[in-house]
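J.: Listed below are the residues making up each chain.
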Amino acid sequence: MAPPLSEARLAHRRRVRRLTAGIAACAAAATAVFAGAAAHATRESSRDPVEPAGADTAATPDDGAQSFLTPSQSSPSQSFGPPVARSGGS
Amino acid sequence: MPSFAASFEAIGVENRIVVDAPAALWPALAIARDEVVSLDRACSRFRADSELAAVNRAAGSAVRAGPLLLDVVATSLRVAAATGGLVDPTVGPALSALGYDRDFRLLASSACGTFEVRPAVGWRGVRVDPRAGTIRVPRGSSLDLGAVAKAYCADRIAERVRAAVGARVLVSLGGDVAVAGAPPGGWAVLVADDHRGVDATGQTVGVAGGGLATSSTAVRRWHAGERVHHHIVDPASGEPADERWRTVSVAAASCVRANAAATAAIVLGDKAPAWLEGLGLAARLVRPDGGIVTTAGWPEVSP
Numbered sequence: 000m001a002p003p004l005s006e007a008r009l010a011h012r013r014r015v016r017r018l019t020a021g022i023a024a025c026a027a028a029a030t031a032v033f034a035g036a037a038a039h040a041t042r043e044s045s046r047d048p049v050e051p052a053g054a055d056t057a058a059t060p061d062d063g064a065q066s067f068l069t070p071s072q073s074s075p076s077q078s079f080g081p082p083v084a085r086s087g088g089s
Numbered sequence: 000m001p002s003f004a005a006s007f008e009a010i011g012v013e014n015r016i017v018v019d020a021p022a023a024l025w026p027a028l029a030i031a032r033d034e035v036v037s038l039d040r041a042c043s044r045f046r047a048d049s050e051l052a053a054v055n056r057a058a059g060s061a062v063r064a065g066p067l068l069l070d071v072v073a074t075s076l077r078v079a080a081a082t083g084g085l086v087d088p089t090v091g092p093a094l095s096a097l098g099y100d101r102d103f104r105l106l107a108s109s110a111c112g113t114f115e116v117r118p119a120v121g122w123r124g125v126r127v128d129p130r131a132g133t134i135r136v137p138r139g140s141s142l143d144l145g146a147v148a149k150a151y152c153a154d155r156i157a158e159r160v161r162a163a164v165g166a167r168v169l170v171s172l173g174g175d176v177a178v179a180g181a182p183p184g185g186w187a188v189l190v191a192d193d194h195r196g197v198d199a200t201g202q203t204v205g206v207a208g209g210g211l212a213t214s215s216t217a218v219r220r221w222h223a224g225e226r227v228h229h230h231i232v233d234p235a236s237g238e239p240a241d242e243r244w245r246t247v248s249v250a251a252a253s254c255v256r257a258n259a260a261a262t263a264a265i266v267l268g269d270k271a272p273a274w275l276e277g278l279g280l281a282a283r284l285v286r287p288d289g290g291i292v293t294t295a296g297w298p299e300v301s302p
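So the protein lines, in turn, are chains A and B.
Residues in the first sequence are numbered from 0 upward in steps of one, following numbering that gives the first Met the number 0.
Residues in the second sequence are numbered from 0 upward in steps of one, following numbering that gives the first Met the number 0.
If you are wondering where the hints come from, they were derived from the structure by calculation, not from laboratory data.
Because the structure is a prediction, the values reported are computed rather than measured.
A hint or two may mislead.
Some chain A residues flagged as far from chain B (calculated, every beta-carbon gap over 12 Å) [said to hold, decoys possible]:
| no. | residue |
| --- | --- |
| 1 | 7 |
| 2 | 16 |
| 3 | 17 |
| 4 | 18 |
| 5 | 22 |
| 6 | 64 |
| 7 | 72 |
| 8 | 75 |
| 9 | 84 |
| 10 | 85 |
| 11 | 87 |
Each pair of labels, with its calculated beta carbon distance range [said to hold, decoys possible]:
| no. | chain 1 | residue 1 | chain 2 | residue 2 | range |
| --- | --- | --- | --- | --- | --- |
| 12 | A | 72 | B | 32 | 24 to 32 Å |
| 13 | A | 72 | B | 225 | 28 to 36 Å |
| 14 | A | 21 | B | 124 | 28 to 36 Å |
| 15 | A | 80 | B | 126 | 54 to 62 Å |
| 16 | B | 124 | A | 72 | 53 to 61 Å |
Ideal Cβ positions, reconstructed from N, Cα and C, are used throughout, including at glycine.
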């Protein structure tokens with residue numbers, strides 16, 4: 000059986016335990032800080048800091064087209080008469 | 000049914016008015032000329048004394064404008080929203096940078112040595128304040144209303160003639176067609192690459208109401224350096240749209256709507272037929288090799 004520790008040695012062990020716990024707490028806090036910073040950096044990098052010219056032009060038209068680009072009430076029909084006008088590029 | 004027609008040159012294109020009563024022709028023509036003159040004074044990008052030129056010169060500041068320009072610019076913003084920015088009035092600098100910085104007759108007769116590519120700043124930065132009667136264009140941008148103004152004016156003339164004269168009328172401003180009343184079977188309109196000419200290459204369709212418009216990369220082309228440009232610019236890139244379609248014709252509830260859809264279809268490229276079909280818009284799309292695709296009830300050519 001090991002002899003009982005002296006009061007000085009017990010005090011030393013308590014200090015070592017406190018220091019170890021303190022270091023672990025610091026490490027955990029640092030990890031959290033770094034994780035937060037990394038998440039922030041990820042969010043920032045996904046947000047283009049300078050919008051390129053023309054960025055608000057979409058590749059395809061959106062649903063707004065449905066209410067504005069409405070068909071004619073009467074579709075064009077095949078016509079065999081002589082044309083009275085031309086529709087072409089200008 | 001007999002028809003009575005008159006044509007006149009203005010705003011760089013051939014314009015035509017057709018009515019179903021002889022007594023209506025001259026009053027209708029007077030209305031058309033009056034509207035076209037007003038349009039040019041308000042909306043020309045190339046007249047230094049136009050209202051639009053003043054708005055563009057003061058980019059970054061609100062400028063007072065008359066009701067016509069206010070409404071055309073507001074309409075161009077509605078078109079931009081409806082087409083997701085495929086048709087954007089802020090392509091002015093893009094067109095100028097490509098060399099189209101003067102009246103097209105002057106541009107076609109002179110060589111343009113160099114060009115740049117400048118994407119559009121974007122229509123969302125344009126402010127129209129109808130209460131104050133002002134327009135503000137973003138600094139560094141300018142408006143080009145070429146994709147909307149003629150069609151807007153054609154709709155307006157057709158409505159005015161119908162209301163003032165009572166005749167059934169077809170108006171064509173550079174091939175942008177608006178109809179208010181039509182004979183049985185509709186007005187016969189030849190759909191072609193170019194609004195000018197006498198050749199019959201194309202398809203004749205009957206138009207009984209609304210509008211019919213054609214956008215084409217085959218017209219209004221110019222040389223810049225080693226390249227040949229056309230006037231339909233993709234706002235996102237600042238370059239002329241890929242020539243997936245040579246010509247797109249669309250029928251819609253008005254000429255503005257038809258022209259917006261036709262121009263957007265040129266910019267949209269391969270996705271255009273599905274997009275037009277989804278909107279229920281009758282259209283005829285011609286590939287550069289002459290192949291034709293139609294959508295949503297556009298009449299097939301009979302053998």
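J.: Against each hint, give a clear statement of whether it holds in the structure.
T.: Structure-based check of each hint:
1. 7: holds (76 Å)
2. 16: holds (63 Å)
3. 17: Label holds. Min Cβ-Cβ 60 Å, cutoff 12 Å.
4. 18: Per Cβ check, residue 18 of chain A is outside 12 Å of chain B; nearest 60 Å; holds.
5. 22: holds (54 Å)
6. 64: violated (5 Å)
7. 72: violated (6 Å)
8. 75: violated (4 Å)
9. 84: violated (4 Å)
10. 85: violated (5 Å)
11. 87: violated (4 Å)
12. A:72 - B:32: 24 to 32 Å: Since residue 72 of chain A and residue 32 of chain B have Cβ atoms about 29 Å apart, the given range 24 to 32 Å holds.
13. A:72 - B:225: 28 to 36 Å: violated (48 Å)
14. A:21 - B:124: 28 to 36 Å: violated (56 Å)
15. A:80 - B:126: 54 to 62 Å: violated (47 Å)
16. B:124 - A:72: 53 to 61 Å: violated (35 Å)
Hint compliance for this structure: hints 6, 7, 8, 9, 10, 11, 13, 14, 15, 16 are broken, all remaining hints hold.
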